[in-house]
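So the protein lines, in turn, are chains V and P.
Residues 1 to 583 (the UniProt record's numbering) make up the first sequence, in order.
Residues 1 to 492 (the UniProt record's numbering) make up the second sequence, in order.
Honestly, the hints are just simulated from the structure, not real lab data.
Note that the structure is predicted; figures quoted are calculated from it, not measured.
Don't take every hint at face value.
As the list claims (entries may be wrong) - Quick list of in silico lysine to any residue cross-link-like pairs, SDA-like style, CA-CA up to 25 Å:
| no. | chain 1 | residue 1 | chain 2 | residue 2 |
| --- | --- | --- | --- | --- |
| 1 | V | Lys-577 | P | Lys-458 |
| 2 | V | Lys-412 | P | Lys-205 |
| 3 | V | Lys-577 | P | Cys-277 |
| 4 | V | Lys-577 | P | Arg-409 |
| 5 | V | Lys-577 | P | Lys-275 |
| 6 | P | Lys-205 | P | Thr-250 |
| 7 | V | Lys-412 | P | Arg-409 |
To be verified - Short derived list, chain P residues pointing at chain V, Cβ under 10 Å:
| no. | residue |
| --- | --- |
| 8 | Arg-162 |
| 9 | Ile-197 |
| 10 | Cys-225 |
| 11 | Arg-259 |
| 12 | His-293 |
| 13 | Leu-310 |
| 14 | Thr-335 |
Stated by the list, open to error - Derived coverage of chain V by chain P (criterion: at least 3 residues anywhere in the stretch with Cβ under 8 Å from a Cβ of chain P; other residues may be distant):
| no. | stretch |
| --- | --- |
| 15 | 103–117 |
| 16 | 148–162 |
| 17 | 412–419 |
| 18 | 423–429 |
A virtual CB, placed ideally from N, CA and C, is assigned to each residue, including glycine.
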Amino acid sequence: RCPFPQAIVWDEYLTGPFGLIAQYSLLKEHEVEKMFTLKPGRLPPADVKNIIFFVRPKLELMDIITDNGTQDRGQGSSGRGGHRGRSPQRDFHILFVPRRSLLCEQWLKEQGVLGSFIHREQYSLDLIPFDGDLLSMESESAFKECYLESDQTSLYHAAKGLMTLQALYGTIPQIFGKGDCARHVANMMIRMKREFPGSQNSIFPVFDTLLLLDRNVDLLTPLATQLTYEGLIDEIYGIQNTYVKLPPEKFAPKKQGEGGKDLPTEPKKLQLNSAEELYAEIRDKNFNAVGSVLSKKAKIISAAFEERHHAKTVGEIKQFVSQLPHMQAARSSLANHTSIAELIKDITTSEDFFDNLTVEQEFMSGIDTDKVNNYIEDCIAQKHPLIKILRLVCLQSVCNSGLKQKVLDHYKREILQTYGYEHILTLNNLEKAGLLKPQTGGRNNYPTIRKTLRLWMDDVNEQNPNDISYVYSGYAPLSVRLAQLLARPGWRSIEEVLKMLPGPHFEERQQLPTGLQKKRQHGENRVTLVFFLGGVTYAEIAALRFLSQMEDGGTEYVIATTKLINGTTWIKSLMEKLEPAPF
Amino acid sequence: MSRVRADEEEYWHSSKFRAFTFDDEDDELSQLKESKRAVNSLRDIVDDDDDDLERVSWSGEPVGSISWSIKETASGSTSSLDGRDSSLQKGSSSCAALPKQASSYSLSSLFKGEGFLCATQLCLSLSALTDTGVKNYAPELRRPKAEYKDYSSDWSPKDTVRRMQRGKVCSLERFRSLQDKLVLLDEAVAGHDGNVITAVLIFLKRTLRREILFRELEVRQVALCHLIHFLRETGEQKFLLDLLRFLDRTEEVALSQYREHLNIQDVEKRREFLKGCIGLPFSAEDTSHIQDHYTLLERQIIIEANDRHLETAGQSELFRKYPRKASILNMPLVTTLFYSCFYHYTEAEGMFSSPTNLKKTFKIPDKQYVLTALAARAKLRAWGDVDALLTTKNWLGYTKKKAPIGFHRVVEILQRNNAPVQVLQEYVRLVEDVETRLNLATKYKCHDVVIETYRDLKDRIQLTAYKCKVERGSADEEKINSILNNMVRNAY
């Protein structure tokens, strides 16, 4: 359809999310000849007419684009006739994801390059499907923008995403929410609906309930170390857009004889999602329950391979051969996960991991949260990574509804003296976000919240869990507890605690035409969409999946979020960038 | 409706004429309107020479957005609202075709539609960006009437905001009175779309006097936050500080100013800048940290100059043997202390580079000091210094070993620096907790300590078992044997 070959220059961050929705082959069909990543310096040569920049609306990226030599083009006038014959003149276009930004365009204008872009458009990527039951906006700074900068643009996008979702899967009759941002999103949805009355559609609703949850209602959960298999992979290696990069040593091909010496040096890249049977089974288990599953699988597979000796007739052999591809896939999947589990085990059995976890669990169960913790002091003295320290200190602060002024000052001083005074800016950000604060009014609400919501379970069964607390080996994530209690017996039973948590809680109803109202069969599950505003962890997702699978649960959950996070990436997003930009 | 209409729609939505020509014409058109209005009301002339910046304009329908793909599929309805209506159903019909299990929602199949939709949008927007070449040959068609509506000046503030949210061209300059501007701002805030709020704020910033803008923003917190964020992003430091000062947010002024030091590469200039920060209205706690930051950098500059000279001169054996890996400038305090314990341990307290001076100046707690000094001296294998560091004299002149960090930590640090067993043993023996002591002693093969501890515990079994850990015929084995014999005798 397009007569001219084109090249795409990618903002590297975007390639991940886009990789989930479109393959290169698809782009190739649309005459995309070359792909580059955005970096400073001149653009590499390419025999193409159109160059399209796919970028997030960020000022530093605008600077790079300017540096790419876009300014040699005139004020865009010569481009119009340029298509006659193959002129070396190239046309530039810019596609902002997820949104055009006036700020960026103004910036480009000041650099004198705005006119070089024939088209400036936006590609609104609201919700990206990550798995069968998981959608993410992959907006890394949503939490920071909402709570540090009071910029609610990401909420606007969330509301827009929800409107799209409703256009596709039907109006959601019930909306519940907790937190200021949740209230905002619900308000925006109602407003959008009112402004476009036409959006009333005739699709039978898939979702019965929407639950909007603010991350700042539950600041505790992301700070704790996740203990599910997937959660640990993310904590240790970082999962990005369903891909993980692992150290290659454990994945060396084990061939007898030749070539055993030269180990691969490139990190091993694996995609992780529920399409892989084995991973779907173990991803949400507590890590301590993963080993037994793996060894059971190993036995089954080797037994299956053994069967070839019993295959006597041609028919039996044929049947065996037909199963081979499936068996081989299962075997390589098993080999991969055994290697990953080994890598993780090396870390989880280390002394420091144990000490760290012990302190976390003490805090979460309410022990010694009001004084300076020895382990934290030791970690500072040994200059452990700053983010680790901040995670622990923030956890202590949250579990104590704020630290005593003296304790807070002590930690601050130690951190600044050891890691540098400039971190005063980061500490300030954390205070502003409510993660680190002095106790006001001298009252600690956390014990009441913990007891009422049963956040700490002493007898946790990691192998055959009967409660969501298995995902943190004892701590039941507050956010998921709220979802669970909403389904049964309803929030009315916990009014008191809800009032202690920040922000309003509310309920809204969206009227459905009578024809679309559900007549529920007996025993049919309700479907709830839980939208985490400000990010969600893999452990929380695991807990919700656990609830979906409970036999008498009666509710299935689908999860949406602004970003998949863990404690480290979350704290990092709140830290002040101390290195000056590359320019 | 007819295919022709649909094509026409598509043409006007995707061709680059929309992006450029429209803009220009919009300019003319609005200028025309502008002059007309100016004639009508001569009294109301404001300084709008910079109309580029005042006319906040978006061009083009947001490609790839829902509303855009909706328009693409909508057949020929010109009014955008109607288009949205019918096409929403259209858009969804593409998904209705997907398998949907009625009762047991197999949700995994649910989002394939979503992904598919995204991919389609991507292709559409790709084509839309570049297929203009063909369309250029199309004869200039009369513009659909509905498009003229874009330039109508009758949009209410609400409609203007709504149109801007959808990425349409909107001129803001017709909002002249303060009242109008504020209504516009409030509408933008109510829409929660940061892009639009920022757009309106830029317009207000250009057209309102600072005092008025500040005053009005003070009662509009959301808008205020957006402006602050905008100023921070664009680096309009002076304007930002003025604003914060006006709001009396003094601590924020201070922090914001302090942040600037990160952009100063030259150390001398950075030092000067930090000096200027000391007087800023930080909280009491932060003030002392900022003061420390300045003092530290001041020291580092002095030390650095000195040591660089020493190193290049090649006179000092220490610097020859252990060349410095990096400059000490801008390093944290504890790192600086380590450095000074490493290179300047014996210096008198009067020297800026001496550890004791640093300890005093910055009130470094004992624990921190011992830990750092220990690590530095152990690295140099100066076991004598280690011993002295952990030895205290009481007023009677007796000496006693004391470690504010606990002897198990001392052992750890020494071990990490490959201290010989004799040295290690001395401190393992001092670990108070018996179990920890045994663990450490066993781990680091301090046989003496293990044997003595078992002896004190009168644990024959463990002691006998330990015999296989020591060398045959060594003094250690003999010692075990003799203790075992003694124990037997005592038992009778």
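Evaluation of the provided hints:
1. The hinted pair formed by Lys-577/V and Lys-458/P fails the criterion: a straight-line CA distance of about 59 Å is larger than 25 Å.
2. As the CA atoms of Lys-412/V and Lys-205/P are separated by approximately 38 Å, the hinted pair breaks the 25 Å bound.
3. Proposed proximity of Lys-577/V and Cys-277/P is supported: the alpha carbons are some 20 Å apart, at most 25 Å.
4. Taking the CA atoms of Lys-577/V and Arg-409/P, the gap is about 34 Å. The hint is violated against a cut of 25 Å.
5. At most 25 Å may separate the alpha-carbon atoms for a hinted pair to count; Lys-577/V and Lys-275/P meet this at roughly 22 Å.
6. A C-alpha spacing of about 22 Å is found between Lys-205/P and Thr-250/P, which places the hinted pair at or below 25 Å, so the restraint holds.
7. Only pairs whose Cα atoms come within 25 Å are accepted, and Lys-412/V paired with Arg-409/P is accepted, the gap being roughly 23 Å.
8. The closest approach between the C-beta of Arg-162/P and any C-beta of chain V is roughly 7 Å, which is under the 10 Å cut-off, so the hint is satisfied.
9. With its C-beta approaching chain V no nearer than about 8 Å, Ile-197/P sits inside the 10 Å limit, and its interface hint holds.
10. At a threshold of 10 Å, the smallest CB-CB gap from Cys-225/P to chain V is about 3 Å, leaving the interface hint in force.
11. Among the interface hints, the one on Arg-259/P holds; its C-beta lies about 6 Å from the nearest C-beta in chain V, closer than the 10 Å criterion.
12. Because the smallest distance between the Cβ of His-293/P and any Cβ of chain V comes to about 4 Å, under 10 Å, the interface hint for this residue holds.
13. Interface hint status for Leu-310/P: violated, as the beta-carbon distance to the closest one in chain V is roughly 25 Å, over 10 Å.
14. Interface restraint check for Thr-335/P: the shortest CB-CB distance to chain V comes to about 8 Å, inside 10 Å, so the restraint holds.
15. Closer than 8 Å: that is the beta-carbon criterion, and the stretch 103–117 of chain V has 3 residues meeting it against chain P, so the requirement of 3 holds.
16. Coverage of a stretch by a chain is defined here by at least three residues with a beta carbon nearer than 8 Å to that chain's beta carbons; for the stretch 148–162 of chain V and chain P the count is 9, and the condition holds.
17. Figure legend: the stretch 412–419 of chain V, annotated as covered by chain P; annotation consistent (7 residues with Cβ-Cβ distances under 8 Å, at least 3 required).
18. Look at the stretch 423–429 of chain V against chain P: 3 of its residues bring a Cβ nearer than 8 Å to a Cβ of that chain, three or more, so the hint holds.
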